[in-house]
Each structure stands twice: as C-alpha cells, then as structure tokens.
Amino acid sequence: MAAPYPPKPIRIWVTPPGPNPWKAVFLFEELGLNYELKPFRFDDVKKKPFIDVNPNGRTPAIEDPNTNLTLWESGAIYQYVIEVYDKENRLAYDSFHERHLCNQWLHFQMSGQGPYWGQAGWFQHLHHEKIPSAVERYCNEIRRVLGVIERVLADKPADAQWLVGNKMTFADMAWLPWNFRLSEVMLLSWDEVWEGLPHVRAWHEKMAALPSWQRCIEIRGRLMEAQGLQWNGVPKGIETFTEYEKKIAEGEDTTALQH
Amino acid sequence: MTEAKSDIHLYTDQTANGIKISMLLEELGVPYKVTAIDISKNTQKEPWFLEINPNGRIPALTDTFTDGSPIRLFESGSIMQYLVDRYDTEHKVSYPRGTREYWEVNNWLFWQMGGLGPMQGQANHFARYAPEKIQYAIDRYQNETRRLYRVMETQLSKSTSGYLVGDKCTVADLACWGWVAGSNWAGVSLDDFPHLNAWLDRVLARPGVERGRHVPKKHTALENRHKTEEEMDKEAGKTRAWVQQSMAADAKK
Ligand SMILES: N[C@@H](CCC(=O)N[C@@H](CS)C(=O)NCC(=O)O)C(=O)O
Ligand SMILES: N[C@@H](CCC(=O)N[C@@H](CS)C(=O)NCC(=O)O)C(=O)O
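These protein sequences, in sequence, are chains U and L. Mapped onto the numbering used here, the consecutive letters of the first sequence carry residue numbers 2 to 260. Mapped onto the numbering used here, the consecutive letters of the second sequence carry residue numbers 132 to 384.
What the hints contain is simulated information worked out from the structure, not anything from laboratory work. Predicted model only: the values in this text are computed from it and were never measured. Even for Gly, the Cβ is constructed at its ideal location relative to N, Cα and C. A couple of the hints might just be wrong.
[Claimed, not checked] Some chain U residues well away from chain L (every beta-carbon gap over 10 Å; in silico):
1. Glu30
2. Val149
3. Gly166
4. Ala210
5. Trp214
6. Pro236
7. Ile249
[Said to hold, decoys possible] Distance condition first, Cα-Cα at most 20 Å in a straight line; then the derived DMTMM-like pairs of lysine to aspartate or glutamate:
8. U:Lys49 with L:Asp216
9. U:Lys157 with L:Glu182
10. L:Lys383 with U:Glu206
11. L:Lys176 with U:Glu142
12. U:Lys207 with U:Glu30
13. L:Lys264 with U:Glu137
14. U:Lys48 with L:Glu275
15. U:Lys88 with L:Asp216
16. U:Lys47 with L:Glu275
17. L:Lys289 with U:Asp53
18. U:Lys47 with U:Glu251
19. L:Lys383 with U:Glu251
20. U:Lys131 with L:Glu263
21. U:Lys247 with L:Glu275
22. L:Lys383 with U:Glu142
From just these sequences and the hints, can you work out the full model?
Here it is, written out as structure tokens:
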C-alpha cells in the first residue's frame with residue numbers, strides 16, 4: 002500500500018442528507034486522497050463551531066492541514082483539490098483551453114444546477130404547502146438545463162461523451178450528485194426523468210456506476226442511519242421539515258425524539 | 132512574460148451578471164469589442180448566439196487563443212477566471228495562483244455564483260415578474276438574500292481593506308457588486324448593512340467600475356434606491372410580459 006497522500010488527512014465537514022457534501026467526497030474518493038469525514042447534524046450548520054469554518058453555514062467545507070487552508074463552496078473546493086492534488090491531471094487537463102472550458106462547466110453546474118435542483122426539491126418535498134407554479138417553474142428549468150447538456154453531448158463523437166475533451170473530468174463529476182436525486186426531486190420514475198435525454202442518461206449512468214460514487218452512497222447510508230434520519234433528511238419521529246426547522250429554532254434536541 | 136494580445140469580444144446586456152465582465156475589463160485596461168444583446172428580444176436564443184453559449188444567456192465572450200484559434204466562454208464566473216488568468220499578470224484585481232488569497236477569492240466568487248446570484252434572482256422573479264403573487268416564495272428568497280448580505284456584511288466588518296479578500300479589490304468584489312447595487316429591485320433594503328453600503332460606494336468610486344458598469348448601456352440600478360415599491364412594480368411590467376413568454380416557451384421544450 003502506498004503512503005497516504007497528502008500526508009495529513011484533509012477534513013471534510015458533511016451533513017449527510019444533501020448532495021453538495023457528497024460532491025466533495027466523490028472527488029476525494031475518485032482521486033484516492035487521504036481525507037477524514039467530519040459528519041455533523043443539520044441542526045448545527047448555522048452554529049459554532051461550524052460557522053467559524055464556513056460563515057455561510059453550508060456544507061461542504063474543508064480544512065487542509067497540509068496547506069493550512071480552510072475552504073468552502075463546493076466549486077472552490079473542486080478547483081483547489083484539482084490544482085493542488087491532481088498533479089497528473091487524471092480528472093483535468095493542463096492545456097489552457099481545456100482548463101478554462103472545464104471551469105466554465107463547473108460554474109454552470111454551481112449557478113445553473115445546484116440552486117435550481119435545490120429549489121425544485123424544496124417545493125416538491127420540504128415545504129409544507131403545495132405551490133404548483135413554483136414546482137413547475139423549477140422542474141421546467143431542470144428540463145431546460147438537461148436539454149442544454151443533451152445537445153452538447155449529442156454533438157460529440159461516441160468515444161468522447163464527456164463535457165470537455167475525451168475523458169471524464171471534475172466538470173462532469175460535479176453534476177452527478179444532484180442528478181442522482183432527480184427521480185426524487187421531480188417525482189418521476191427514472192425512465193420519465195431521462196425521456197428525450199439519451200446522451201445525458203448514458204453520461205450520468207457511467208459516473209453513477211463508479212466505485213468511488215458507490216462508496217459515497219454507502220457512507221452516506223451509514224451516516225443517515227447513525228443520525229437517525231429519514232430519506233428526506235428529517236429525523237425519525239418528526240413528521241415534516243417545517244416541524245424540524247421549528248424545533249431547531251427553539252433549540253430542541255432533535256436526537257432525543259427518536260427514542 | 133510576453134504581453135498577451137487580446138481579441139476580446141463581449142456579448143452582453145445591462146444586467147448584474149453582464150456588468151461583472153465589462154467592469155473587470157475596464158479595471159484591467161484590456162481593449163474589447165462589445166455586442167449589445169437585447170435579452171428582452173431573445174437575441175440570446177438565436178442559433179448564432181447558442182454557438183457561443185449553448186445555455187442561451189448573457190454574458191458570453193470570445194477571444195483568440197494563444198494558438199491562433201478561437202475560444203468561446205460563458206458563465207460570468209468562469210469568464211472572470213479566464214480574464215484574470217490570462218490578462219491580469221500584474222495582479223491588479225487578483226492574487227497569484229496558489230496563494231491563500233487566490234483560493235479565498237475563488238471561494239467568494241463561487242459563493243456569488245451559486246448563492247447570491249441565483250437566490251437574489253429568485254427574489255426578483257417572485258417579487259417582480261411572477262404571474263401570481265406568492266407571498267411565501269417572495270419571503271423565502273428575500274430572506275435568503277438578506278441572510279447572504281449578512282454573511283458579506285460580517286466578512287467586510289472584519290476586513291481592514293474594506294474589500295472581501297486581502298488588501299485590495301478583486302474579482303470577488305466585482306462579481307457581487309452589481310447584485311448588491313440591485314438590492315432594492317429585489318425588495319431588500321441595505322439599511323441594516325453599514326459595511327455593505329460603504330463597500331458599495333468604495334467599489335463605485337473606482338474609475339474602471341464607473342466606466343464598466345454602463346456597458347452596453349447606462350446602469351440605472353442605483354437610482355432604484357429613491358423609488359417606491361409602486362414605481363418599481365410599474366417598471367417591472369414590461370419585463371414581466373417577456374419573462375412569462377420565455378417561461379411558456381421553455382416549458383414546451
Ligand atoms: N453553493 C454551495 C451550496 C452548499 C449547500 O447548500 N449545502 C447544503 C447541504 S447540500 C447545506 O449546507 N444547507 C444548510 C442550510 O440550508 O442551512 C456549495 O456548492 O457548496
Ligand atoms: N450563471 C450565469 C447566469 C447568466 C444569466 O442568468 N444571465 C441573464 C441576464 S443577467 C440572461 O441572459 N437571461 C436571459 C434569458 O434567461 O433568456 C452567469 O453568471 O453568467
């Protein structure tokens with residue numbers, strides 16, 4: 002077994018339910034980097050000690066003792082990890098052109114996928130009243146964005162079904178964790194989700210089958226279990242997300258409710 | 132280092148995302164050509180534009196690459212990273228690759244791209260453009276925008292330079308500026324954010340920002356500070372029709 006790289010483990014702060022922390026873990030797993038998870042409860046994202054790590058109170062955030070750097074925002078974490086720890090460009094390119102195109106797709110994921118998939122999921126599952134026009138707004142945007150990727154992939158040769166060049170890069174990987182939740186977010190079967198999107202589907206499924214991603218799912222499952230969470234991130238014993246938020250605001254210990 | 136020759140062509144409209152790029156180009160003093168896109172006429176959905184940005188949004192930019200072939204870029208954050216990487220060799224508004232400040236600037240840039248922009252954009256949508264007034268949705272996005280302003284306010288209150296990262300104005304500040312300048316349009320007041328207000332003026336006082344914010348036409352967002360809700364609602368009327376048509380068109384795809 003090779004010596005761990007980097008020498009000291011990079012700490013990743015994760016709250017298990019959401020996709021964004023797993024986006025970071027996916028990259029660490031795929032590169033085989035030395036990391037340690039710091040799982041904590043959603044109840045504590047807007048509290049110390051976490052807000053001293055990320056003043057924005059969102060996961061993921063990383064602390065790298067090798068460089069003495071703390072960083073948050075999954076996109077910034079991606080660029081950092083790739084530049085500092087993917088020296089052989091396994092998941093990136095060193096040519097200027099491709100480097101910027103990868104960053105372009107990463108920015109598109111950050112601004113065009115994450116926020117909108119997130120809003121769709123919120124109105125579909127977590128908000129206590131049904132607002133059909135809001136669900137529809139965000140589901141339409143999801144369809145539009147997936148359509149953009151479909152056209153881009155469809156225009157590329159069969160042996161280069163990746164966003165940039167002819168291999169998987171971090172720019173592709175960034176899209177997986179949220180897309181992995183699409184069936185749930187849109188309340189559709191997978192066949193319905195992928196209707197009219199054959200290239201996106203193949204691209205997605207190739208990544209979802211990677212051992213690195215399978216490990217993420219397995220670890221997530223264990224952490225969800227350990228924290229006593231239901232599929233939607235709400236602790237067992239609590240009915241709705243609204244109720245959960247209320248208990249957090251009132252400073253109630255939501256772990257106690259599980260017994 | 133040989134001086135990089137630029138052949139920059141910016142496709143843009145007068146919006147918070149568009150002026151990020153013109154303000155940056157002016158700060159860098161790099162020459163560029165501009166094509167004004169009228170997003171309300173859906174020029175950004177025409178085939179020639181989709182060749183540059185398959186996502187059909189402004190800003191987009193083309194340049195001649197060092198090897199003589201063209202490069203096309205979209206997403207304002209990525210365009211900003213490209214421009215400083217290639218043209219800010221003196222680090223006027225950026226930090227050298229690999230430094231702590233370099234990564235922190237990136238952190239705030241992504242925070243703007245994945246947080247402030249989309250959330251304030253949703254506040255604009257539900258407060259000004261949506262076909263029906265959904266109070267819950269208006270509150271949700273205005274509250275989130277306010278929370279994000281608070282995060283920025285706290286960061287600025289700890290800053291000795293008055294900018295988000297390190298000792299100077301960087302692309303992180305330029306990326307956020309147009310959005311904060313448009314706070315009133317989103318229905319969020321800056322009254323409780325003294326550091327943010329001071330920062331808004333500090334950035335505005337920069338000659339490059341002043342030139343760049345009026346591309347491709349006059350920047351008027353700051354004038355909304357003196358308008359009433361009713362006046363802004365009335366103005367939104369024109370755009371409302373366009374937004375709703377676009378929504379209907381997208382739904383059919
Ligand atoms: N733009 C951020 C988004 C991070 C994010 O929203 N994380 C969620 C978990 S998936 C979170 O921490 N939510 C806490 C909250 O909403 O209070 C990124 O990509 O890192
Ligand atoms: N994340 C993108 C967002 C770009 C964006 O939404 N641009 C708006 C103007 S600010 C646009 O072009 N809208 C036209 C449309 O939606 O058709 C970026 O920062 O470049």
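A quick look at each hint next to the structure:
1. Glu30: 21 Å, holds
2. Val149: 5 Å, violated
3. Gly166: Answer for Gly166 (chain U): holds, closest chain L Cβ roughly 14 Å.
4. Ala210: 26 Å, holds
5. Trp214: 21 Å, holds
6. Pro236: 23 Å, holds
7. Ile249: 15 Å, holds
8. U:Lys49 with L:Asp216: 36 Å, violated
9. U:Lys157 with L:Glu182: It holds: about 14 Å lies between the C-alpha atoms, which stays within 20 Å.
10. L:Lys383 with U:Glu206: 26 Å, violated
11. L:Lys176 with U:Glu142: It holds: about 15 Å lies between the C-alpha atoms, which stays within 20 Å.
12. U:Lys207 with U:Glu30: 16 Å, holds
13. L:Lys264 with U:Glu137: 15 Å, holds
14. U:Lys48 with L:Glu275: Distance ~17 Å between Lys48 (chain U) and Glu275 (chain L) Cα, so the pair holds.
15. U:Lys88 with L:Asp216: Distance ~19 Å between Lys88 (chain U) and Asp216 (chain L) Cα, so the pair holds.
16. U:Lys47 with L:Glu275: 13 Å, holds
17. L:Lys289 with U:Asp53: Satisfied, since the Cα-Cα distance of roughly 13 Å is no more than 20 Å.
18. U:Lys47 with U:Glu251: 13 Å, holds
19. L:Lys383 with U:Glu251: 44 Å, violated
20. U:Lys131 with L:Glu263: 15 Å, holds
21. U:Lys247 with L:Glu275: Holds, because 17 Å separates the two Cα atoms, which is no more than 20 Å.
22. L:Lys383 with U:Glu142: 11 Å, holds
Going through the hint list in order, the structure does not satisfy hints 2, 8, 10, 19.
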